[in-house]
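Enquirer: Protein chains in written order, with the numbering used here: chain E, 1 to 402; chain G, 1 to 295; chain X, 1 to 280.
FYI, nobody ran anything at the bench for these hints, they're computed from the structure.
Just so you know, these numbers come straight off a predicted model, no measurement behind them.
In this text, a Cβ means the ideal position worked out from N, Cα and C, and glycines have one as well.
Be aware that a few hints might be false.
[As the list claims (entries may be wrong)] When the alpha-carbon atoms are kept at most 16 Å apart in a straight line, the in silico EDC-like pairs for lysine to aspartate or glutamate are as follows:
hint : chain 1 : residue 1 : chain 2 : residue 2
1    : X       : Lys120    : E       : Glu331
2    : E       : Lys184    : G       : Asp262
3    : X       : Lys120    : E       : Asp250
4    : E       : Lys294    : G       : Asp268
5    : X       : Lys4      : X       : Asp28
6    : X       : Lys120    : E       : Glu252
7    : X       : Lys198    : X       : Asp226
8    : X       : Lys120    : E       : Asp338
9    : X       : Lys33     : X       : Asp247
10   : X       : Lys198    : X       : Glu94
11   : X       : Lys106    : X       : Asp196
12   : X       : Lys137    : X       : Asp196
13   : X       : Lys222    : X       : Asp240
[Said to hold, decoys possible] The following residues of chain X were derived to be distant from chain E, with all beta-carbon distances above 12 Å:
hint : residue
14   : Asn11
15   : Ser26
16   : Gly54
17   : Val55
18   : Thr64
19   : Arg72
20   : Ile116
21   : Asp126
22   : Met134
23   : Met155
24   : Pro211
25   : Gln270
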Amino acid sequence: MKVKKKHTREIAGIIILFLFVILLENISGVIPGMPAILQPTSPLFTVLKKAAVYSLVAVSMNLLNGFTGLFSLGQAGFMLLGAYTYAILTVPTDQKAQVYYLFGGCAFDFSLPDLFQGIFGNTGVGSAVSLILATLIALILAGCVAGFFAYLIGIPVLRLKSDYLAIATLGFAEILRAIFQWQKLGPVTNGANMIKGFPTFSSFNITDTTGNTILRLSTFVPFFITTVCIILIVCLINSSYGRAFKSIRDDEIAAEAMGIGLFKHKMLSFVISSFFAGVGGAMFAMYVANAQAKAFTSVMTYEILLIVVIGGIGSVSGSVLATFLYVACSEWWLRFLDSEMYLGSFKVPLLRNGFRMVVFSIVIMVIVLFFSEGIMGDNELNLAGLHRRFQRKHSAAKKERE
Amino acid sequence: MEYVISVLLSGISVGGQYALIAIGYTLVYGILRLINFAHGDVFMVAGLLGIYMTATLPISVSLPLVIIITVFLGFAIERVAYKPLREAPRMSVMISAIGVSYLLQNTATYVTGGQPMTYPVIPFLSDTVNVAGTQTKWVVILTPILVLVLVIALTQLINRTKVGMAMRAVSKDFETSRLMGIKINSVISATFIIGSALAAVGSILFFTNYPAITPMAGSMPGLKAFVAAVFGGIGSIPGAVIGAFIIGICETIIKGLPSSWDVSVFSDAFTFALLIVILVFKPQGLFGEAATDKV
Amino acid sequence: MDNKIALHLENVTMQFGGVVSVNNLSLDVPENKIIALIGPNGAGKTTAFNCITGVYRPTNGLITFMGEPVVRSHPTGKDAKNYKGENADKYAKESILSPTPDQITKLGIARTFQNIRLWKSMTVFDNVLVAKHMRAKQNVFSAVFRGNLHEEKRMREETMELLKEQGLDSVKDELATSLPYGLQRRLEIARALATDPKLLLLDEPAAGMNPQETLELADFVKEIRDKYKLTVFLIEHHMDLVMNISDYIYVIDFGSEIARGVPEEVQSNQKVIEAYLGVA
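Using the sequences and the hints given, assemble the complete structure.
Expert: Following this line, the structure appears as structure tokens:
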């Protein structure tokens, strides 16, 4: 009974979060004269969308690096697979000629949104249903493709020791990037050019017949998808399999001696992590409204790895928290470091393009060296727990006073 | 024929440049079991230093200075970013290395403004020479020779001197060497100093041959050099050198294939495919020793 | 020795490069008995255990469990050329059987480690619970979507029961590595028991224990043998313990057997005394 109660509280929390996000992005439309920060063009929403996407990838990486102890650096590669799968499946047929003009059109004219619009119609509710179904299926397939490739690459590389695994997965991501840029595959991947024209987060904004936006959902959608995925990952981590993963992380030899098949469980973790990285990659494509191989470099993987480290290796809530902080800092709060600034007639030294990233990397080094636990260590953010801890401290303080 | 010679020449030259970086990787990995992700960026920084130094100082002063500063940089990175994590899990040290790499790249972007920088013309090295009817730069001829000389010197150092003996001992067994009174930290510093010096020499040779340096210019040669080190058997200097030559030659061959095939995009990917194949079939590399775990 | 043979080793040899760690070792462990493998440091006892549990593939030899061949090997590749042991041809015609440790555990052989290997970030309870994972009827999907609640509940109840029996229930929420040494050893045994073994391999269970704890351990081992109908095969240095609880003892030195017999026989064996006292 107790368990059920706890869950209702969590579900309520998530619903409140969703409603809050919807409110946040619509308030400027409902009440005129809101400050600039709440306008749809505000960096706030860029940050929220990007952070929602990145937190899924960070959590998926944490599942592998933090919970299973496999040091893999292939995340960008699996994101690339997801992004391309999503993009190729959802570019509408009538856009293909334009997107693939360098290659005389796409090799196959199949498109999920068109398929569903054929069934449900392309107006009103019908078009909404087909958009949702097409996106959903494309996202799942994006994950499946990433997971399938993870399985293939996992067969050789998961037998390797930790640091070799890192370099092999990193190399695998680089190989993928080269393949997707290969001009010979142009009719499918559009070569080194970007694929665009597919449904993005903004496609989910509800408009009336004249094209005016009635209800914005472009921030809510990534929040929703990420939340669902993270809940699934958390369920996995808290299950018998999650415990088996942790035992592998703590001591492989003991885990194997207790009947936990190393290869099978490492593979499971690798495939599942890559599945969600694939979904994350598809969402990344939705966020930037294009898919292009050159975006998914090893730098992207490093960035996500550093987020995981900042949040605390082995903490899901830490990863999420760190993602929002990281994205907010890099996209918004520290932007001022990149432009020259005058205080009166005094020119603040050092500020110019690129300084933000320098400061940023120094902060990261400080965290890595002096706060290696990250924000959360391997603990989880838990409101009830915080409350309890506070109360305990409070009562302890009280006792002391008495 | 001329074409073959020119491809082969530049392959050997590229291989030689990778070899100089690969030695740094293989030495550090042999001792600390750490993939020093920042090593490629140290190489890039050495390249940038070369540009800034030669702009103000005569070549005869600036090039030695570049090597000295790079050595200091490698030494400092080890002391600041790796030494405090000696007792930490290996993953943490590797993350620290990635952090250093990130820092060096971002700092380079900041300093250069993200613009590709042109490497100065170094007299003699940049001069052209005619080999069997092929026009090429002196650096292409000189690189493999220089690499050979340096490698022989280095193997002598490792096999004949006290520091070298200490390095071998530490790479065999870290803990026992410490108990035997070897000053672990000095040995590790020596390793980083040698590695960085070679990377600096490598950068002079490499960038003389390349049009420009970008902040990302170090990461790819760095990774390839690491692959070379793995290929040759990590910890083995001759292995790293041979691995580097093979990778350099293969890469130039791929780049030289007819452009209608459009496979030059795979010149980097090939290296990694090679890596995966080696790791699967011969994880100890060509000259490495297989290690067993203690239960 | 009229019991059925649980574990049987035949000509097992383990060679690392040029070093023969275990040489032509043959022995029997009958069901429901406590059998000890003793020998001076470096005699190859733990290596023998590692061969049985699948950590190493022996260079040569056959291991059967409950009458079924489990591990079978003959020298291959480089080892074939450098092989210094005996009986290399005996198994050469037969296929190599080299299961991974988890497969061995699944057959019903569980072990503890000489240098305790508990999962350090987990609680005492979780350490035992994870060992139940192997035999749980579930798959990833049922686990993620909570279709295995029944199974999960059963695992937790059984874990709790086991902890109570081992007297570890009062510390079940502590981190495993925060326990005192003796309890950590006990927890390792509890964890091994959680895999439902038929044969329990104990690698120096009394290492680091004081005489009082060692005495308790002796009773404890007998107790679990009777309670769970186990066969116990142990490596030990404490002679008191070995002589006290073993039904039969094998003595090895430099990888080869030098004596076997019931405790009294072994105790008076001249070779054994020499091996232990270091007389040439």
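Enquirer: It remains to establish, for every hint, whether it holds in the given structure.
Expert: Going through the hints against the structure:
1. With a C-alpha separation of about 39 Å, the suggested pair Lys120/X and Glu331/E falls outside the 16 Å cut-off, and the hint is violated.
2. Between Lys184/E and Asp262/G, the direct Cα distance comes to roughly 7 Å. Compliance with the 16 Å bound is thereby established for this hinted pair.
3. Under the criterion of a C-alpha separation no larger than 16 Å, the hint pairing Lys120/X with Asp250/E is consistent with the structure, at around 6 Å.
4. The straight-line distance between the Cα atoms of Lys294/E and Asp268/G is roughly 14 Å, inside the 16 Å bound, and the hint therefore holds.
5. Our distance criterion of 16 Å between C-alpha atoms is met by Lys4/X and Asp28/X, whose separation comes to about 10 Å.
6. A C-alpha spacing of about 12 Å is found between Lys120/X and Glu252/E, which places the hinted pair at or below 16 Å, so the restraint holds.
7. Restraint check: the Cα-Cα separation between Lys198/X and Asp226/X comes to about 12 Å, which is no more than 16 Å; the hinted pair holds.
8. Proximity of Lys120/X to Asp338/E is assessed by CA-CA distance (about 45 Å); at most 16 Å being required, the pair is judged violated.
9. Straight-line distance between C-alpha atoms of Lys33/X and Asp247/X comes to about 6 Å, which keeps the hinted pair within the 16 Å bound.
10. The straight-line distance between the Cα atoms of Lys198/X and Glu94/X is roughly 27 Å, outside the 16 Å bound, and the hint therefore fails.
11. Distance hint between Lys106/X and Asp196/X is fulfilled; the C-alpha atoms sit about 9 Å from each other, no more than 16 Å.
12. Using a Cα cut-off of 16 Å, the hinted pair Lys137/X and Asp196/X holds, with the two alpha carbons roughly 14 Å apart.
13. Our distance criterion of 16 Å between C-alpha atoms is met by Lys222/X and Asp240/X, whose separation comes to about 15 Å.
14. For Asn11/X, the non-interface assignment is confirmed: its Cβ lies about 25 Å from the closest Cβ of chain E, beyond the 12 Å cut-off.
15. Once the 12 Å rule is applied to beta carbons, Ser26/X is consistent with being away from chain E; the minimum gap is 24 Å.
16. Listed as outside the interface, Gly54/X is inconsistent with that label: its C-beta sits roughly 8 Å from the nearest C-beta of chain E, within the 12 Å cut-off.
17. Distance check on Val55/X: its Cβ comes as close as 7 Å (rounded) to a Cβ of chain E, failing to clear the 12 Å threshold; non-interface status is violated.
18. No Cβ of chain E approaches the Cβ of Thr64/X within 12 Å, the least distance being about 20 Å, so the stated non-interface status holds.
19. Separation of Arg72/X from chain E is adequate, the least Cβ-Cβ distance of about 20 Å exceeding the 12 Å criterion.
20. Here Ile116/X does not stay apart from chain E, with its beta-carbon only about 9 Å from theirs, under the 12 Å limit.
21. Against chain E, the non-interface label of Asp126/X is violated: not every CB pair exceeds 12 Å, the least being about 6 Å.
22. Not every CB of chain E lies more than 12 Å from the CB of Met134/X, the least distance being 3 Å, so the non-interface label is violated.
23. Taking the minimum C-beta to C-beta distance to chain E, about 7 Å, the non-interface status of Met155/X is violated against the 12 Å cut.
24. No beta-carbon of chain E comes within 12 Å of the beta-carbon of Pro211/X; the shortest separation is about 28 Å.
25. With 12 Å as the threshold on Cβ separation, the claim that Gln270/X sits away from chain E holds: the shortest Cβ distance comes to roughly 37 Å.
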